[in-house]
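Colleague: What follows is the residue order along each chain.
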Amino acid sequence: MVNISRRADPKRGLIRLVKDIRRDGQLYVLLLIAVAFVILFKYAAYPGLRIAFMNYKPARGYAGSEWVGFDIFAKVFSDKDFTRALSNSLSFNFLDLAVGFPIPILLAILLNELRLKKFKRISQTILYLPHFLSWVIIASIALTLFKPETGLVNILLRNAGVIDQGIPFLTEKWHWAVTYLLIGVWQGMGWGSIIYLAAITGISAELYEAATVDGASRLRKIWHVTLPGIRPTMVTLLIMNLGRVMGSNFERLDSLGNVQVKPFQYQLAIYIYEKGLAGGNFSRATAVGLFQSLVGLLLVLAADRVAKKLGEDGLI
Amino acid sequence: MTSTTQISKRRAGMADWIIVIILTALCLTCVLPFVHVAAKSISSNTAVMAKSVALWPKGINIDAYRSIFRDGQLTHAMIYSVWMTILFTVIGLALTICAAYPLSRKRLRGRSLFALLLMFTLYFSAGLIPEYLLLKQLGLLNTMWALVLPLAFSPYNMLIMKTFFQSGIPDSLEEAAFLDGASNLTILTRIVLPLSKPIIATLCLFYAVGRWNAYADAKYYITRKALQPIQYLLSNMILSSGSDAISMSESAAVVSTPEVLQAAAIMFATVPILVLYPFVQKYFVQGVMIGAVKG
Amino acid sequence: MKKQTRWLALALMAAMLLSLAPMAIAEGPSVSPTLPADWTAFEQRVKITVPVYDRSKEGYPAVDDNYWTKWIQSEFGDKWNIDVQYVAIPRGDVMTKYSLLIAGGDTPTIMMEYDYPKVAQWANDGAMQAIDINEFAKVAPTYYQAMVDHNQLGYTDINGETYFVLSERPYYDTPFTYYTFVRMDWLEQVGFTSVPKSYEETQQAINAIIAAGLTDIAPLPLALPASAYVENFPFRDIPVDEAEWVQHSSLGTASLGWYPTERLLRRRNAEYNQGWYSKEFDLEADMMGAGIASQAMTDFINGKSYRYSGYMSASVDWLKAFYEQNPDAKLAIESDYGLVEEGVVPAAQVRADNPFGMIVGFSSLATADQLKAAWMLMEWMSQPEVLFVLEDGVEGVTYTIGEDGLPIVDGDYRGPEMLNHNMNIDMTCLVHASKKVGTIEQTIAALAPQGLPQDFLPEMLAKYGELKDIAAEGNAYSDPIFAVAIDAEAEYTAPLLSLYQEYFAQLVKCDPAEFDALYAELSQAYLDAGYQEIIDERLAAYEAGSTTKLPER
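Residue numbers (the numbering used here), protein chains in the order written: chain P, 190 to 505; chain A, 1215 to 1509; chain H, 999 to 1551.
Be aware that one or more of the hints could be misleading.
[Claimed, not checked] Derived coverage of chain H by chain A (criterion: at least 3 residues anywhere in the stretch with Cβ under 8 Å from a Cβ of chain A; other residues may be distant): (1) 1051-1062; (2) 1079-1091; (3) 1316-1329.
Please keep in mind that the hints were generated in silico from the structure rather than gathered at the bench. For glycine and all other residues, C-beta sits at the position ideal for the given N, C-alpha and C.
If we strip away everything but chain P, and leave its shape as in the complex, we get (with noise of 0.2 Å):
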């Protein structure tokens, strides 16, 4: 109806803009400050992305370099290396989505439906420990624990008869594959469970109150109450999260990998490391990670379109 008549009175919806701006002006301030911030620090290093389409010597800056136009981009894509590496990086980035998404959600609920007030606090802040171990120690005490030979997981189910030859976790690529998401999972789902934490507590105590007089047992409340109070948080996050199938976290994959398994360790941001910056290959690097944001950004609002069909908020 609005639209109808904005568009039978184009003086009218222009008055009604500018009296909508004007109401608004303390918030267009708000806003304003933030996107002068983004505009400062983040869009005016834009136009430096030109050196991936330069070969780019940090000596001769960028007026000095030559312009090569697209043919950097032609080099990564031939390489059969990178299109291993992007394969790798879409199935395990998609796999930690589907197995990383759900379990800090499940965590968050557990973590709500405890009773026991201590050991709830207790729990809470110790689960989020492992957010601040570094991959580098997480992947020495995986090694003590996974070696196919001499770790102690191995040995124990060796002695205790459960298997003669030890699980080879970290040495065959499927058994690692596993280990590395499992890991994964651990690493991040107490401080992932924070947030819907915090969404929780914004669900008014009056849904519960009348699920409870519609004699609801608890399992209906989490279904009826919890899961949609925090949807909206979750399909912000998912949302987000799709943007970054394309890039992995470089410690993670160097620190856990080994050479038996580099069939699936070889993802983007290994690729990256090898064949640009370790090079001083800047254009290279520069190149592949703006593919990644494209790709990622591409996904991203598919999806928050997708979304918005599907009656959510989305994120724009």
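We have chain P already, so just place chains A and H on it with the hints.
Modeller: Positioned in the frame of chain P, the structure of chains A and H alone reads:
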């Protein structure tokens, strides 16, 4: 008060015990690595090199900590990092509120455009060299601001806060205030922010922990040692000290920091940020309690 | 609550201010070295920036602002109106840091590195300026004379222009700082009276140790190569073909596809299949890089493995730990002759270091005055009197004079005057790669580990004698140096190293019967992955006369 008494009256059921068992198991896996590092930090270097320290220290001594507290660089970096993290968190939070609140109001004209403009930077980074040159132009290299300003606005945190404002604060509340003649700013500071304590606390934690744990930017943007944060010193101590490749080109011993000292340094640099969480937790527990009481 | 926060903030601020308060101005020993008579102080203050490695070792002062940087400023800078500023370069990421400094126009006045390909790249890309070596000789005669004395003038040019001056590396052809220790008590138990002097003896010894069950794990340590250096010197023919040497002998890229590497890998494979090495050796490549005790070190300390090696110094923590765990054990230093086997290893051969330490160049942005000021710093630092203070510190505080009249540095001193990493080596590296104390015997004595049940000095001296013999026979030589930048190296070094690690593991672990086929396949894949390009470029440089030659035999 009423909430706690009510809960203690209720008997914990089967479900509660199952939850307790699951969580206890999970907690053990999370806490043991820390206990391991802590045990190493108060063991003798020999025992640690022989890998004979698991969860209980051997050859107990606190020399490593003594050495760390005597180390002028580390203690200086610690104070500096605390100070910088506080500043970063305050600025970051202020910017996030500035952006998130207006964007959460659906009536705002041009909202999608602004949202896209701000969110874009989450996925698009210009890369190391361009960002470095930008900071150089802005004259921020080798200042504390190089570590504070570029990361201070996090689109990720902004979106989280926006979602919270949208779903957690009823529109009716705001409309009522509007009718009473309150301005947008008054509504934000008097109504919205007080109701958003849990999310503000959470984002405080996110900003503080994020800054505390990050060190890659310090590696590149800061050359002066006096301006380097504690995590950067720590990462250098752990990562780059003893590489064989370096020894080969130098043809000299590249002695690495003993593992005991590394463990002590890890504890030293991690404990200050760990104690932040209980403060944040307070806000969760309050909210959850209200829900639980009535449920 | 609010009050508390405010107090906390105030307390923090106060603490901040206190910690930032300037340290007491250094008052170090005063020096008055003999300097060229025509030096004059600059009329306007000249600022130079000098890189210094930042190793972030616990317990050391900031590398760019400490007692010794202040001392240099007051003893040298203030006298000649020069502002000497040190720039910390993280040791683990030298190239990126330099790239950023260069990109931002902050190139340090002096640029230096131990690896020739890196400086060659800088010169080639225009980050360094060409210099007039005669001008340099005028400003810094002592430094220049040292270069002449050590035969270094052949390494100063890239692309036909002079870019570099070079610091000294004392005793470069007898690498006397690195030693391998073996379990002498085990050898005695299986009937040996001395360490094996041929590969046949080595094999007998190890297999006897395994048979006797002296350890319940694989007796020898093996790890994935963490650097591209292949220990294939002993496996080369004598004399080695010069063109092949130019193509393959390098620290930067592993020479998979060259026959000495094949011989080495074949031997490792045979040894692996006799049970010498752990089946899990390939899980740990970089753990030492992470400063975390490697499995190999741990096994040795726990008395379970035969051999471990490392650089020596007065205090070697793994040796100390070894004797604490195994008080009755006896160690010996391994001989280079233990590898010799006819047809595979013709004689003991070792890799000599580069005949220079730091390769020093100068920023393309430096003005004539800055250039001169940098050269003056180098000349001043070359003076024995200055070097002595920088490397030993303050008498009675950081060192005392021993019975032999030589200084004994107190490594545990932690006061303000403490010397930085390895006796300020990251400053004095501008002049030489290691501290010289009197004669070579005295230098080695200063390296001998102290406070152990065994005194290793006699064995270390014997080992040095062995190295001197090998060098005298012409069997110790360096890698080639290129007077042009090899572009393919920069491009492929990192991916080739990771490929080599992968193939190394496969080739060592495979069934000996399959070794030949696998080797052919993998070395071809390695060539295709970029190694062929590198060796082609190196060969072209050799044919154009832009490389060093093998020393005359």
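Colleague: The structure should be examined with respect to each hint, and the outcome stated for every one.
Modeller: Hint check results:
For the stretch 1051-1062 of chain H, the stated coverage by chain A is satisfied: 11 residues place a CB nearer than 8 Å to a CB of that chain, which reaches the threshold of 3. Check result for the stretch 1079-1091 of chain H against chain A: holds, 6 residues qualifying (beta carbon to beta carbon below 8 Å, three or more required). For the stretch 1316-1329 of chain H, the stated coverage by chain A is satisfied: 5 residues place a CB nearer than 8 Å to a CB of that chain, which reaches the threshold of 3.
In this structure, every one of the numbered hints holds.
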